[in-house]
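Engineer: What follows is the residue order along each chain.
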Amino acid sequence: MTAVFFDNVSRYFGAVRAVDRVHLTIAEGEFFAMLGPSGSGKTTCLRLMAGFEQPTGGHIEIFGETAEGVPPYRRSVNTVFQDYALFPHLSILDNVAYGLMVKGIGREERRKAAEDALAMVKLPGYGTRRPGQLSGGQRQRVALARALVNKPKVLLLDEPLGALDLKLREQMQEELKILQKSLGITFVFVTHDQGEALSMADRIAVFNEGRIQQLGSPEEVYNRPQTRFVADFVGSSNVLSEDLCRSLGLKASFASLRPEAVAIAPPSEGALSLAGTVASQSFLGATNRIVIDVEGVRIAVASPAARGVPAVGSPVTISFAAHDLHPMEDA
Amino acid sequence: MRSEKSNPAPLGLKLAAGAGLAFMHLPILLIFLYAFTTEEKSYQFPPPGLTTQWFAVAWSRPDVWAALTLSVKVASIATAVALVLGTLCAAAVSQTRFFGRETISLLVILPIALPGIITGIALRSAFSMADIPFSFWTIVLGHATFCIVVVYNNAVARFRRISGSLIEASMDLGADGFQTFRYIILPNIGTALLAGGMLAFALSFDEVIVTTFTAGQQSTLPIWMLEELIRPRQRPVTNVVAMVVVMVTFLPILGAYYLTRDGDQIAGAGK
Amino acid sequence: MTIVAESIILPQRRSTAGRLSDFLWRHPHVLLAIFLGPPLLWLGIVYLGSLFALLLQSFFSIDDFSGLVNYEFTLATYRQLLSGANLDIIIRTVTMAAVVTLVSALVAFPIAYYAARYARGKWKALFYLAVMLPLWSSYLVKIYAWKLILAKEGILTWIFQKLNLLWLIDAWLSLPLVGGNSLSVSYTGTFIVFVYVWMPFMILPIQAALERVPASLIEASSDLGGTPSQTFRHVLFPLALPGIVAGSIFTFSLTLGDYIIPQIVGSSRLFIGQAVYAQQGTAGNIPLAAAFTVVPIVIMGAYLWMARRMGAFDAL
Chain X
1 MTAVFFDNVS
11 RYFGAVRAVD
21 RVHLTIAEGE
31 FFAMLGPSGS
41 GKTTCLRLMA
51 GFEQPTGGHI
61 EIFGETAEGV
71 PPYRRSVNTV
81 FQDYALFPHL
91 SILDNVAYGL
101 MVKGIGREER
111 RKAAEDALAM
121 VKLPGYGTRR
131 PGQLSGGQRQ
141 RVALARALVN
151 KPKVLLLDEP
161 LGALDLKLRE
171 QMQEELKILQ
181 KSLGITFVFV
191 THDQGEALSM
201 ADRIAVFNEG
211 RIQQLGSPEE
221 VYNRPQTRFV
231 ADFVGSSNVL
241 SEDLCRSLGL
251 KASFASLRPE
261 AVAIAPPSEG
271 ALSLAGTVAS
281 QSFLGATNRI
291 VIDVEGVRIA
301 VASPAARGVP
311 AVGSPVTISF
321 AAHDLHPMED
331 A
Chain S
1001 MRSEKSNPAP
1011 LGLKLAAGAG
1021 LAFMHLPILL
1031 IFLYAFTTEE
1041 KSYQFPPPGL
1051 TTQWFAVAWS
1061 RPDVWAALTL
1071 SVKVASIATA
1081 VALVLGTLCA
1091 AAVSQTRFFG
1101 RETISLLVIL
1111 PIALPGIITG
1121 IALRSAFSMA
1131 DIPFSFWTIV
1141 LGHATFCIVV
1151 VYNNAVARFR
1161 RISGSLIEAS
1171 MDLGADGFQT
1181 FRYIILPNIG
1191 TALLAGGMLA
1201 FALSFDEVIV
1211 TTFTAGQQST
1221 LPIWMLEELI
1231 RPRQRPVTNV
1241 VAMVVVMVTF
1251 LPILGAYYLT
1261 RDGDQIAGAG
1271 K
Chain C
2001 MTIVAESIIL
2011 PQRRSTAGRL
2021 SDFLWRHPHV
2031 LLAIFLGPPL
2041 LWLGIVYLGS
2051 LFALLLQSFF
2061 SIDDFSGLVN
2071 YEFTLATYRQ
2081 LLSGANLDII
2091 IRTVTMAAVV
2101 TLVSALVAFP
2111 IAYYAARYAR
2121 GKWKALFYLA
2131 VMLPLWSSYL
2141 VKIYAWKLIL
2151 AKEGILTWIF
2161 QKLNLLWLID
2171 AWLSLPLVGG
2181 NSLSVSYTGT
2191 FIVFVYVWMP
2201 FMILPIQAAL
2211 ERVPASLIEA
2221 SSDLGGTPSQ
2231 TFRHVLFPLA
2241 LPGIVAGSIF
2251 TFSLTLGDYI
2261 IPQIVGSSRL
2271 FIGQAVYAQQ
2281 GTAGNIPLAA
2291 AFTVVPIVIM
2301 GAYLWMARRM
2311 GAFDAL
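Residue numbers (the working numbering), protein chains in the order written: chain X, 1 to 331; chain S, 1001 to 1271; chain C, 2001 to 2316.
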């Protein structure tokens, strides 16, 4: 079943087109990421799903029911906010039980449900504390428990890991994925971190300037960016100019090429090759990033660190398989 | 050069700040001394002797009690009105976006930014034009007008501290507007409103300029004092009343301070 | 586990509150009207209405024979306002307000600076209270205190007598303009009480402005070779200026309109507030009283406009 359906949805703020004619279908049980820079419209899309914003045009359905005009408090959709938005005057238990409390569920029942939810996010026994006494990571878990205790049909997460440090972030990515699979709830996840989107999501929508640039699986988005923006934003694909494409026999105005698909080596059977000079190099740990100047176009190569590095200024030949070169639209 | 934070303040600055504070406080302390003086015909210093008899005299004065009662009644009702109007205004300004928000802030500040005599005479001439006789309610009307700003300032400051997503989070979790107000907004702005209310009370309790224009023949405690200041008739009683007034106004100020300081800690911890 | 068949859209709460809540959510303008209606009715209609009615009266005049208001548009009252004794009153009041503001800023600045830069923890709270309490304590009691202090038999005379410095007070009182028969009936007395009563309003805005100046900025200035006085002139003072302007809104405006302080401590020469009071009361000349009130309104209007452009409202 379709969990969230956007048909030609727009949201304008005055002259600003925050969301511009977006089509979107999110399946039930899917882990869906909306990826893009700030101001790209991804958060506004999330807020349209939650009901904090109303579309200027178009139509939104959640599980087949029209969502326009339905207040946020009557949608079986819950949100984990970027700043967690824990109620500072309530204990952790009361925070988690809040949704049940306003629905009129009895004290004992909601206490039990809240304690279960806290145990699920690995914070058992934290109920009597106050939000101010918890660390950032713990608050994030409370926010998660507070949303999940309501058994939402769709869980919206607005940059939930943005405020955490790297180690904690990686751990939470893992846990969120496991939680989502075990609960079977549709997760819609907003992030500006492409690594996060690639590692967690079943499908990714890449946003720019209020529009979806590309929608597909992480592999598709990463390996076959359809537009220059996606190629630039997701990872750091090389963008080959029209002239270069033509010299390689490709009939497209632009093409993308992943740095790790390129090798500094003479062409082998069936591979394409280009000649250039080494412009710069830097050590990145597992790999070296070597930038080759080919007729004024800079092409980055991710070369295993074990291999040697040619000196800056020396002429080299780079080669890559024809199927790694992806033609794309000029946008 | 290392950080200068640990450096002590320059002596000149210390002296200037200390002298300034002494200038602010010593005259008030003097009031306390004079309440006990045995001299009743002049403001002689040092007092020829000390006594507590004037407290008993002041206590048994019906005119002082009448004025005090009127002041407390006026201040209570003016505070209640200011609480409602100030909170509504603050909610509108901080929770919604609309054209002319800046103008509202200016409008609320106007009654204290303009000299009190203008507010007073404007209201007085409006009352006389509308044929409204002076009454308890004309005093309240005047007081509430300039008390709104105190409540408003406190409420706006607190609304600003409530992260906007708290209200969205409450609605997201299924609470409608009224539930959100009851369970989230009210507990979070409660102490700010209490503090604002206390300050409004203190402001109204002490107000004299607007009151002279809207009170007619009625006498609030400040009006009673003003008459004593212009034509001193019972200096010892005035001394006692002055001391009591100082102590009575200190209480709400201290209360308001502790309430809002607490709020700061909550906000700081929520970061 | 609950069964998935239930609707994604929850039903409305079956109560008036639930229905009303949905209605207000769908019509946020109605909610805004409910919020703004009562305060606007009060401040916008009652208060501003009275103010405009008052200003309107300044364009009428008083009939010299009958003493009644003549309801015809005329600028005669303003001509009266800007002539002779009335103009003197205006100049006297504005000068006093300006001097009071200036001196208040001078007295307040060290206190604010110390509180902002050096007071920490408990001391800071104590400082705050030490400013708040005098600021909020009774206006009349404060004036009364100075009546006690400035009285001929009062503490000030006593101190100067003990120090054998009485001649100093006498010499000061014999000066033209600032002098008089005694301190409590001189401009000097009026001035001291004005500063005493309104100065506290200056401290907190300056402190707020100074607290926004990062300490590193001052260190940067001295690091770049600025002497303390240069640092003050070029860094600290310009940054504190919005605070001073914000504070001066109070000291200036409150001095402009005050009629009680000069009445109790001061000479018989009038200030604007006293003139308004006298014109509307004993003289019964409401048009002239109204015209007098226009003076502080115009001055404060210009002042607020300027302050707003300087960003002083952020320091309030």
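No lab work stands behind these hints: they were computed from the structure.
Some hints could be false.
[Unchecked claim] Once the Cα atoms are required to be at most 25 Å apart in a straight line, the calculated DSS-like pairs of lysine-lysine come out as:
no., chain 1, residue 1, chain 2, residue 2
1, X, Lys-167, X, Lys-177
2, C, Lys-2162, S, Lys-1041
3, C, Lys-2152, S, Lys-1041
4, X, Lys-151, X, Lys-177
5, X, Lys-177, X, Lys-153
6, X, Lys-103, X, Lys-167
7, C, Lys-2152, S, Lys-1014
8, X, Lys-122, X, Lys-151
9, C, Lys-2122, S, Lys-1041
10, X, Lys-167, X, Lys-112
11, S, Lys-1014, C, Lys-2124
12, X, Lys-151, X, Lys-167
13, X, Lys-181, X, Lys-112
14, X, Lys-153, X, Lys-181
15, X, Lys-177, X, Lys-103
Engineer: Next step is simple, just say for each hint if it's right about the structure.
Structural biologist: These are the hints, each one checked on the structure:
| no. | hint | result |
| --- | --- | --- |
| 1 | X:Lys-167 to X:Lys-177 | 16 Å, holds |
| 2 | C:Lys-2162 to S:Lys-1041 | 23 Å, holds |
| 3 | C:Lys-2152 to S:Lys-1041 | 13 Å, holds |
| 4 | X:Lys-151 to X:Lys-177 | 17 Å, holds |
| 5 | X:Lys-177 to X:Lys-153 | 17 Å, holds |
| 6 | X:Lys-103 to X:Lys-167 | 37 Å, violated |
| 7 | C:Lys-2152 to S:Lys-1014 | 32 Å, violated |
| 8 | X:Lys-122 to X:Lys-151 | 18 Å, holds |
| 9 | C:Lys-2122 to S:Lys-1041 | 43 Å, violated |
| 10 | X:Lys-167 to X:Lys-112 | 32 Å, violated |
| 11 | S:Lys-1014 to C:Lys-2124 | 14 Å, holds |
| 12 | X:Lys-151 to X:Lys-167 | 29 Å, violated |
| 13 | X:Lys-181 to X:Lys-112 | 23 Å, holds |
| 14 | X:Lys-153 to X:Lys-181 | 14 Å, holds |
| 15 | X:Lys-177 to X:Lys-103 | 29 Å, violated |
When each numbered hint is compared with the structure, violations occur for hints 6, 7, 9, 10, 12, 15.
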